[in-house]
Amino acid sequence: MNDPLAKLKRWFTGGGLLWPLLGLAALLAYDFAFVDGFFRLEVRDGHLYGTLIDILNQGSKTMLLALGMTLVIATGGVDLSVGSLMAIAGAIAAALVTQSEMSLALIVPIALCATAALGVFNGALVSVAGIQPIVATLILMVAGRGIAMLITGGQIVTFEHAGFVYIGNGHFMGLPFTLTIVALALGGTSLLMRKTACGLFVEAAGDNETASRFSGLPTRWVKLSVYAFSGLCAGLAGLIAASNIKAADSSRVGEMMELDAIFAVVVGGTALTGGRFNLLGSIVGALLIQTLTTTMITQGVPPAVAPVPKAIVIVAVCLLQSERFRNEVSGWFGKRRATA
Amino acid sequence: MKQDDPFSTKSAFGGLTLAGLMALAVGCGGGSDAPTPSSSGDGSASTPSGSSLTVGFAQVGAESSWRTAETESIKAEAEKRGVNLKFSDAQGKQENQLKAVNGFIAQGVDAIILAPVVETGWEQVLKEAKDAEIPVVLVDRGLKVSDDSLYATLIASDFVAEGRMAGEWLAEKSGGKASIIELQGTPGAAPAIDRKKGFEEAIKAHEGMKIIASQSGDFRRSGGKEVTEALLKVHGDKVTAIYAHNDDMALGAIQAIEEAGKKPGTDILVVSIDGVKGAFEAMVKGTLNCSVECSPLLGPLAFDAVEKAVAGETLPKKTIVDDQVYDQSKAAEAIDSRKY
Amino acid sequence: MRRYFPLMATFAVLIVLFGTASAMYDRFFTARVVANLFSDNAFLGITAIGMTFVILSGGIDLSVGAVLAFTMTFVASMVTEHSWHPVPAISLALALGVALGGGMGFLIQRYDLPPFLVTLGGMFFARGMAFLVSAESITIDHEFYTALQDIKIVVGPKAWLKAVALVFLSLLFGAVSLAHWTPFGRNIYALGGNESSARLMGLPVARTKIQVYALNGFCSALAGVVATIYMGSGNPAMGVGLELDAIACVVIGGTLLTGGVGYVAGTLGGVLIFGTIQSALIFDGRLNSWWLRIAIGVLLLIFILMQRQLSRMSAPTKN
Chain A
1 MNDPLAKLKR WFTGGGLLWP LLGLAALLAY DFAFVDGFFR LEVRDGHLYG TLIDILNQGS
61 KTMLLALGMT LVIATGGVDL SVGSLMAIAG AIAAALVTQS EMSLALIVPI ALCATAALGV
121 FNGALVSVAG IQPIVATLIL MVAGRGIAML ITGGQIVTFE HAGFVYIGNG HFMGLPFTLT
181 IVALALGGTS LLMRKTACGL FVEAAGDNET ASRFSGLPTR WVKLSVYAFS GLCAGLAGLI
241 AASNIKAADS SRVGEMMELD AIFAVVVGGT ALTGGRFNLL GSIVGALLIQ TLTTTMITQG
301 VPPAVAPVPK AIVIVAVCLL QSERFRNEVS GWFGKRRATA
Chain B
1001 MKQDDPFSTK SAFGGLTLAG LMALAVGCGG GSDAPTPSSS GDGSASTPSG SSLTVGFAQV
1061 GAESSWRTAE TESIKAEAEK RGVNLKFSDA QGKQENQLKA VNGFIAQGVD AIILAPVVET
1121 GWEQVLKEAK DAEIPVVLVD RGLKVSDDSL YATLIASDFV AEGRMAGEWL AEKSGGKASI
1181 IELQGTPGAA PAIDRKKGFE EAIKAHEGMK IIASQSGDFR RSGGKEVTEA LLKVHGDKVT
1241 AIYAHNDDMA LGAIQAIEEA GKKPGTDILV VSIDGVKGAF EAMVKGTLNC SVECSPLLGP
1301 LAFDAVEKAV AGETLPKKTI VDDQVYDQSK AAEAIDSRKY
Chain C
2001 MRRYFPLMAT FAVLIVLFGT ASAMYDRFFT ARVVANLFSD NAFLGITAIG MTFVILSGGI
2061 DLSVGAVLAF TMTFVASMVT EHSWHPVPAI SLALALGVAL GGGMGFLIQR YDLPPFLVTL
2121 GGMFFARGMA FLVSAESITI DHEFYTALQD IKIVVGPKAW LKAVALVFLS LLFGAVSLAH
2181 WTPFGRNIYA LGGNESSARL MGLPVARTKI QVYALNGFCS ALAGVVATIY MGSGNPAMGV
2241 GLELDAIACV VIGGTLLTGG VGYVAGTLGG VLIFGTIQSA LIFDGRLNSW WLRIAIGVLL
2301 LIFILMQRQL SRMSAPTKN
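Protein chains in written order, with the numbering used here: chain A, 1 to 340; chain B, 1001 to 1340; chain C, 2001 to 2319.
Don't take every hint at face value.
To be verified - If you anchor each label on the Cβ, the simulated ranges turn out as follows: (1) A:Ala33 with C:Arg2110: 46 to 56 Å; (2) A:Met173 with B:Glu1201: 28 to 38 Å; (3) A:Gly300 with B:Glu1201: 14 to 24 Å; (4) A:Pro302 with B:Lys1080: 37 to 47 Å; (5) A:Glu160 with B:Arg1338: 31 to 41 Å; (6) C:Glu2143 with B:Ala1205: 25 to 35 Å; (7) C:Asn2194 with A:Glu42: 29 to 39 Å; (8) C:Glu2143 with B:Asp1237: 43 to 53 Å; (9) A:Glu160 with B:Lys1130: 29 to 39 Å; (10) C:Ser2197 with A:Ala6: 18 to 28 Å; (11) B:Asp1237 with A:Leu200: 38 to 48 Å.
Claimed, not checked - Think about it this way: if two alpha-carbon atoms lie no more than 20 Å apart in a straight line, the pair counts; the simulated EDC-like pairs of lysine to aspartate or glutamate are: (12) B:Lys1144 with C:Glu2143; (13) B:Lys1197 with B:Asp1323; (14) B:Lys1144 with C:Asp2112; (15) B:Lys1285 with A:Asp45; (16) B:Lys1263 with A:Asp45; (17) B:Lys1197 with B:Asp1322; (18) B:Lys1127 with C:Glu2136; (19) B:Lys1263 with A:Glu160.
The set of hints was computed from the structure by calculation and includes no laboratory data. Only a predicted model underlies this, so the values are computations on that prediction, with no experimental measurement involved. We put the CB at the ideal spot given by N, CA and C, even for glycine.
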């Protein structure tokens, strides 16, 4: 089809991007109506300042995790260790920054290589040893937290290194630097996936591994790579997290974030069974969850009960995404369409 | 057609098992634990004076540097007194602590030190300890049982008093007028519940002191920062004080205040509890106003109690550790003597 | 016979593990330690049994820990704060568990929603509800409970099986019968093996799906009730991460997450392996907090690999 409008519409609705966007829009509409000053933006110190900016900044960690998680889920797996990998990256960076004279240009790659290597370990357990991904990554989820705590000795390691602090708190072109990181990551990954055969390999391996292997696809390498990539993304997110609070909090950082990431990916249109994936959808999903969290804080929802609105939003977005549900509802209004 | 089996030889498997067993043996020191003086197989404890005790310590977890300091204190004291310490980390879960205590009873330790993660649910396991004649010393938090004789003594700070002291200090400093943001600890945790209670008691008498927002920062530095960031945008200039249930959250809040362009300590008063080194540094810098001490260094008191209990003495039910209020005026001189 | 190799592998691993620990630690090889394994892990075991059925049917359920917490808190609140007799409180709690499970199953089946997300929503919902009932933990003080807690079957010197272990073992027996000797059980296996084939064969796929989640809801609620007996209290913060532990036990026991393959008895093996690792580490007592976590990870890895290798050695028929 050459009609650009039709193409745009197809891209929009076909990949399931519509529903998380709608969910996000609904949430923002609620905020507009009920939360004073949610959309207020000011300029301070040469950069934008406001709740929306906070959402983008705080959400950058989830967005990065979701990016890596998308590819893992696309191959039919899952990566539960991302929270612990975040802790490890933060711990390594904080330890090096405070105890050595190494420059940031060396420290960042070291931390990222470490988490990517651990990602390879995950991938090896899954693709070589044939262990189911939930359990394979569960091992690092438990042990990884221990490794991070080992590096910091159970203490919170604080630092003031200007360069490192800039990663999570600095601003670039008026917006938080973390957004630049996310944009670069998203751009790079999309290019790699869509302009090369990589995306095709990932989708094929996830869709039908046996058939892919028989077609000559190096499925083992594909799987190893996606877990390594997930490790890399987790490392980035971990550096941002540590930088944000100017400390490496090994025992608590990244807690429960793997669930947020998985939620973002599935809401964004990638099925847990593997196959087609939607990177942009995952980003939107991550934004959705962060907006929800921030909305609940500003609305003063009592912390213990906070999970309940989360549950409602999750189920609501799921229902919206379900074709059967939409058909049933439109059936109430007179239109019915055959479903697969 | 069968998939390539990477572990296709039995010898590979055999090697793996052997490696596994060796890892276990080497990792765990290759031998059974040190002989305990109670050589009878029924689990009852009887210590001839002079020989070393075996004490089981069921710790909550390692979720903060405060907690790590508590563990270190107990371990150091055990070493000093030549006690064979069996350490168990429950990772924050009550069921793991119950398993630990049951395990200690089965091993026949001479005494148990327990830091209960919640207040209820210990009846059964304490009865078994009593039947096995193993005294139980509680540290750091209390618990509710129908029969007081089930535990030897409790050595703890009074969390309610801590909250009250924080509230009273704030009332005095602010002249009885403040709009307060409260950063709560983890929902359901005893310190969070009690510190909230105490604080509210203290400010009840002062009409001008109001908590305008109260959210959970989960006892985490990142939680404190994220919540304060969001709430400052909603309530803006109205906020005059922040009360955090622990220092970590306060330190995160301080960063958020600075990023909002305000001066923590002057524009917005910051009060917290725990008294960790980081808090003292902040007070010296002028960003934190007050921290109520909550000492984790319970090792010496705990082992005093253990030795007395094992010797058959009756102990006072409660030993309340005195907490002191530290504010900026005292911080500079006290900071060097701070041990945690 | 070959079919049972994965099951035998799991128990072989358990024996190796228990044997090694017994050799290394004084007094590990006692009836008391074994009995404790069953009592301490009773509610994990009950949860894992329910989870086995869900996974066998090709699904997953993340809400189990939260439902357990809700049930505990609900029963404790009803008995202590509202003076109900435990029996109607427990019955109502079990019914609520079934209702929530069935509700989730309905959404999953009817609208083809991903089980991971729906049950994640269920988890958040149940957790929030638990805190709504009570923000703090509540002690249960009632003669009925005291009577229950006194039930003991002596199995050795200073070793007894408590009421909770008995419930666990009875449920296990019931579950095994359900899985292998009833049409419901066969339907679950068929559904997990290949859903479209099952539907084409005329099996009641829709009903089975909903029933499986309802069954798991019952198990989670029962686990919560068992927890109240074990601890004599209700705690809304309980059971965080329990679902992952349960899934790990199910998988170590040889059940495939893709569905259709596995044994309920294997889950028993998985639970005992999990419990033995924890007991062994407690007996060791020398590791600090971080080495402990690393050790758990390493041990899990070793034994999963061992189990995997043992079952692979028996010509696998399914990928």
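Checked hints:
1. A:Ala33 with C:Arg2110: 46 to 56 Å: violated, 32 Å
2. A:Met173 with B:Glu1201: 28 to 38 Å: violated, 50 Å
3. A:Gly300 with B:Glu1201: 14 to 24 Å: For Gly300 (chain A) and Glu1201 (chain B) the Cβ distance comes to about 22 Å; the hint holds.
4. A:Pro302 with B:Lys1080: 37 to 47 Å: holds, 45 Å
5. A:Glu160 with B:Arg1338: 31 to 41 Å: violated, 20 Å
6. C:Glu2143 with B:Ala1205: 25 to 35 Å: Distance hint for Glu2143 (chain C), Ala1205 (chain B) is violated at roughly 43 Å.
7. C:Asn2194 with A:Glu42: 29 to 39 Å: violated, 58 Å
8. C:Glu2143 with B:Asp1237: 43 to 53 Å: Cβ of Glu2143 (chain C) to Cβ of Asp1237 (chain B): about 59 Å, so the range 43 to 53 Å is violated.
9. A:Glu160 with B:Lys1130: 29 to 39 Å: Given a distance of about 52 Å, which is not inside 29 to 39 Å, the answer is violated.
10. C:Ser2197 with A:Ala6: 18 to 28 Å: violated, 38 Å
11. B:Asp1237 with A:Leu200: 38 to 48 Å: violated, 55 Å
12. B:Lys1144 with C:Glu2143: Holds, at about 18 Å.
13. B:Lys1197 with B:Asp1323: Holds: Lys1197 (chain B) and Asp1323 (chain B) sit about 17 Å apart, inside 20 Å.
14. B:Lys1144 with C:Asp2112: Outside the cut-off at roughly 47 Å; violated.
15. B:Lys1285 with A:Asp45: This hinted pair is violated, its Cα atoms lying about 23 Å apart.
16. B:Lys1263 with A:Asp45: holds, 15 Å
17. B:Lys1197 with B:Asp1322: holds, 19 Å
18. B:Lys1127 with C:Glu2136: Not satisfied, since the Cα-Cα distance of roughly 23 Å exceeds 20 Å.
19. B:Lys1263 with A:Glu160: holds, 18 Å
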